[in-house]
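Visitor: Position 20 of the sequence shown, counted from 1, bears residue number 230 in my numbering, the numbering being contiguous throughout.
Errors might be hidden in some of the hints.
Restraint-style ranges between C-beta atoms, simulated for each label pair [claimed, not checked]: (1) Glu537 with Arg628: 36 to 44 Å; (2) Leu269 with Phe379: 47 to 55 Å; (3) Val294 with Leu314: 24 to 32 Å; (4) Glu508 with Val468: 40 to 48 Å.
No lab work stands behind these hints, which were simulated from the structure alone.
Think of the CB as a built atom: it goes at the ideal place given N, C-alpha and C, for glycine as much as any other residue.
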Amino acid sequence: MDSHVGAARVLDVDAHQDLRGALRYPLLFELGWSLFFAGSLYLGWNSLGILLLIVHLFLDGRAISRMVKTSLEDCPVAVNLKRVRIPLRYIFVTLGCAGLVSSLMAVEPGRAAAALVGMLLSMAFGLVFGLAYQVHQPGWFISYFLPAVLGGAVHVAWALWQAFQIGSFQGARVATVSGPNYTGTMMLLVLIIGWSWFVSQRAYLRWLSLPYTFAAATALVFTYSRGSWLGGVAFALAALLPAWQRPVSRRYGQLVLVGFVLFSVLVVSVVPGAAERARSFLTLLDDGRVAIWQASWEMFLDHFWFGVGPANFEHHWDTYNRGRFPEHMDFPHNTWLQVLTETGIIGGVLFALIIGRILLAVWRLRKTSDWPVWILASGVVALLVRDLTDAAIFNINTSFLFWWMAGTVLAAEQTQQRERQTVS
Numbered sequence: 211m212d213s214h215v216g217a218a219r220v221l222d223v224d225a226h227q228d229l230r231g232a233l234r235y236p237l238l239f240e241l242g243w244s245l246f247f248a249g250s251l252y253l254g255w256n257s258l259g260i261l262l263l264i265v266h267l268f269l270d271g272r273a274i275s276r277m278v279k280t281s282l283e284d285c286p287v288a289v290n291l292k293r294v295r296i297p298l299r300y301i302f303v304t305l306g307c308a309g310l311v312s313s314l315m316a317v318e319p320g321r322a323a324a325a326l327v328g329m330l331l332s333m334a335f336g337l338v339f340g341l342a343y344q345v346h347q348p349g350w351f352i353s354y355f356l357p358a359v360l361g362g363a364v365h366v367a368w369a370l371w372q373a374f375q376i377g378s379f380q381g382a383r384v385a386t387v388s389g390p391n392y393t394g395t396m397m398l399l400v401l402i403i404g405w406s407w408f409v410s411q412r413a414y415l416r417w418l419s420l421p422y423t424f425a426a427a428t429a430l431v432f433t434y435s436r437g438s439w440l441g442g443v444a445f446a447l448a449a450l451l452p453a454w455q456r457p458v459s460r461r462y463g464q465l466v467l468v469g470f471v472l473f474s475v476l477v478v479s480v481v482p483g484a485a486e487r488a489r490s491f492l493t494l495l496d497d498g499r500v501a502i503w504q505a506s507w508e509m510f511l512d513h514f515w516f517g518v519g520p521a522n523f524e525h526h527w528d529t530y531n532r533g534r535f536p537e538h539m540d541f542p543h544n545t546w547l548q549v550l551t552e553t554g555i556i557g558g559v560l561f562a563l564i565i566g567r568i569l570l571a572v573w574r575l576r577k578t579s580d581w582p583v584w585i586l587a588s589g590v591v592a593l594l595v596r597d598l599t600d601a602a603i604f605n606i607n608t609s610f611l612f613w614w615m616a617g618t619v620l621a622a623e624q625t626q627q628r629e630r631q632t633v634s
């Protein structure tokens with residue numbers, strides 16, 4: 211692992227110089243991505259970074275388009291179904307067409323179309339640029355993570371200060387950004403980006419990941435967001451997977467696993483509110499989420515082929531809720547139910563093909579020695595698990611980051627496959 215970390219640092223420097231040399235306005239590129247990553251840990255605060263990147267795209271369009279075209283030609287990602295090979299871009303376009311049909315059939319077609327465009331743009335932005343830049347120069351993103359790591363530390367401190375003020379030990383939920391569930395998502399992203407940066411640094415900086423992780427995990431606990439807790443567990447387990455493949459690094463994995471168990475025991479013992487919240491997993495059938503899911507499933511069955519249209523869920527909520535849940539809902543609190551209710555079985559199958567291809571790339575990378583990329587791959591898994599009880603990847607700001615991570619993972623997998631073919 212140490213030898214790889216040294217290589218990652220060298221790779222990082224080369225990536226920074228290479229990207230600056232390929233672009234006419236490298237400072238705008240650097241500022242845009244730095245603000246994007248840092249702002250992503252504060253939900254909507256990455257909008258300025260996205261805006262700068264869009265401006266840079268127009269100013270430096272020729273250089274970027276060449277880079278994207280070359281990268282996509284070198285790494286044509288596709289879904290293989292037995293003897294049929296379908297390029298991922300075809301599936302993406304078909305998903306857009308299915309979403310358009312759903313929008314035209316919606317109660318509010320204009321709103322549905324706007325939501326569809328936003329979703330497709332965030333997916334395209336992340337997948338294309340994540341793949342293109344990672345293929346062009348692997349590890350380029352590490353330099354741009356430092357502001358996010360520092361910003362994440364500030365956000366964690368803010369969350370812990372609030373937890374102390376409101377009495378989170380007894381169950382009061384921390385909510386620094388939007389609500390507790392989104393704050394939990396932000397703490398999860400702090401861990402993902404933080405770990406990806408720390409594993410690429412020198413040993414003395416890597417040790418700082420211990421207090422950083424402990425503080426972020428504690429803040430995550432105080433949000434009492436069960437979906438984010440599940441995402442955190444999935445992230446930790448996935449991140450350790452490559453460590454178990456090699457005897458040399460297995461001891462690191464064992465130490466981290468022991469630390470995770472001790473932290474969990476400490477939380478349950480010291481934080482009564484967390485213990486009570488954790489026990490609620492055992493009584494899930496009495497939880498309000500299940501009522502939301504039942505109503506959403508019935509809505510999907512009645513709009514089987516094309517759904518009710520993007521961002522039109524709330525127009526049908528009262529019809530299918532029938533008093534089962536006391537509050538008005540505007541989304542199903544589950545990624546898959548959201549896709550099915552909004553775009554029907556056609557959109558659901560197409561979306562599943564895209565997610566399935568991304569998860570296949572994650573699985574193929576499980577023996578990688580590229581730890582920064584593997585942490586991002588683990589983050590993809592974590593967010594998908596987290597969204598079994600929510601739909602954070604459909605929030606426009608979180609969506610940009612999720613799909614960028616997915617694009618980076620696809621690029622790393624394609625590069626690995628190509629290197630193996632060259633060796634053989």
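Visitor: Now tell me, hint by hint, if it's right for this structure.
Guide: Status of each hint after checking the structure:
1. Between glutamate 537 and arginine 628 the C-beta distance comes to about 50 Å, which lies outside the given range of 36 to 44 Å.
2. About 51 Å separates the C-beta atoms of leucine 269 and phenylalanine 379, a value consistent with the hinted range of 47 to 55 Å.
3. Distance hint check: the CB atoms of valine 294 and leucine 314 are about 29 Å apart, consistent with the given range 24 to 32 Å.
4. Checked against the given bound of 40 to 48 Å, the beta carbons of glutamate 508 and valine 468, roughly 45 Å apart, stay inside it.
In this structure, only the earlier hint numbered 1 is contradicted, and the remaining ones agree with it.
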